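Visitor: Sequence:
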Amino acid sequence: MTAPPPLSRRRRGLAFSIAFVTTLVAAVAVLLAAAVSNGLVHAAVVRAAHDRLSNDADLVAGLAPGRPVTARARQLRQGSGLLVARVLPDGQVRGDITVPAADVATLLAGRPVSGNRRVAGRELVVEGRPLDAGGAIVLAQAAGLPGTTARDLRRAEIVALIVGLAGGALAGVLLARRLARPLRRTADGARRLAAGDRGVHITPEGPAEVAEVTDALNALGGALASSEQRQREFLLSVSHELRTPLTAIRGFSEALADGVVEPSDVPATGGTLVAEAERLDRLVSDLLDLARLGAQDFRIEARETDLVALVEAAADVWRQRCVAEGVEFGVELPATAPPPVRTDPVRVRQIVDGLAENALRVTPAGRPIVFAVRTDAADVVVEVRDGGPGLTDDDLTVAFDRSVLYERYRGVRRVGTGLGLALVAALADRLGARVSAGHAPEGGAAFRLLLPATGGQVVARD
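To convert, count from 1 in the sequence shown and add 1451; that's this note's numbering.
It is worth saying that the hints were derived from the structure and are not from the lab. Just so we're clear, the structure is a prediction, and the values are computed from it rather than from any experiment. Each hint should be verified, as a subset may be incorrect.
As the list claims (entries may be wrong) - Cβ-Cβ distance ranges computed for the label pairs, FRET-style:
1. Val1497 - Arg1629: 45 to 53 angstroms
2. Arg1629 - Val1570: 25 to 33 angstroms
3. Ala1553 - Val1497: 17 to 25 angstroms
4. Val1610 - Arg1632: 27 to 35 angstroms
5. Leu1784 - Leu1671: 42 to 50 angstroms
Ideal Cβ placement from N, Cα and C applies to all residues, glycine included.
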């Protein structure tokens, strides 16, 4: 089966479309102008004919009775295409045209006749005047331009149409070139970006909208380059973190396999292997959680949740861990319980555990870790504070960026995988909540999870 041609080949180009549309618009404009002008010219000719015939009819009707009337009418007719008829007192009509019976009756009643009449298939401008001696005189003329004049007008319209088409086509081609050139350059730049070239920069030109497209593409190129750089740094960091426990596990395993470990050292060696394996498992779990957060099948099961009860349950676990590490532990709960919220308690507990793990890692013995629940305006706040070394103001702005703090403090203080806080931020986003970092009164860092309590509910994001 033959693949369909690319969209760019199946559609006509912008230059052709613009040229075609402008030419079509020019043609329509000329035709409309011709139609309107014909109507206006015809109306003007008819009005002029009425005025002239009315004056001539008044002049003839005002002559003395007898032969001068007929002679004057014939004089007016010579070389002018004028039609003359005489209505006799008995109603008979003599002359160049047939006068409708209704007009004859009107004239014989002493009233003038003026208007357009269709006589013998022709449209005529008719002016009739009663005569003092009896009867009436009727003057008529074709309602339209003379043949030569009409042909000249049609010829002028054809010339105007040709000029309009040529002008429209030329304007379309020039406009198309002005629009198509920057768009083609932008399309070429997009193809280069798709091919992996991140050094693409296109100078904006053309109309404002086209320049905006170019600016957007340049911004996209910069964002892609920055994102790929962060991905490379992240992969390097993860590779390093994976290699460290793997190297330790391999080294101690080979020592055990070769029998070089003294029997008395086997428990310590096994403990080291277990610790490195747990570290490796934690890193892999964080990576999997981050990957799952971006998937559509990551489930959020929201239900009514008592955050105070949730934090108390977490505190029971972390109090024992803090005691084992020599770290003081405290819990601060509000005097009045905050309203229950609708959220996923499993994910909220995952966030609390992640923040506590991060705090315990950096808090020295004798310093405190505090869990707190409070209300703040329309938010229910869950807070984890520590008495560790804390974060600088610059650290706070990037605290939830993947691996940033890890790279800053690796080798300076105890660090984790570099993914924990990024995972916390991603989980909070999926819950429709917010996280923030600040300075703790205990001297270290304070991390807050803010669950918006709108009507006592927090709605999870799909």
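Visitor: Which of the numbered hints are not met once you compare them with the structure shown?
Guide: 2
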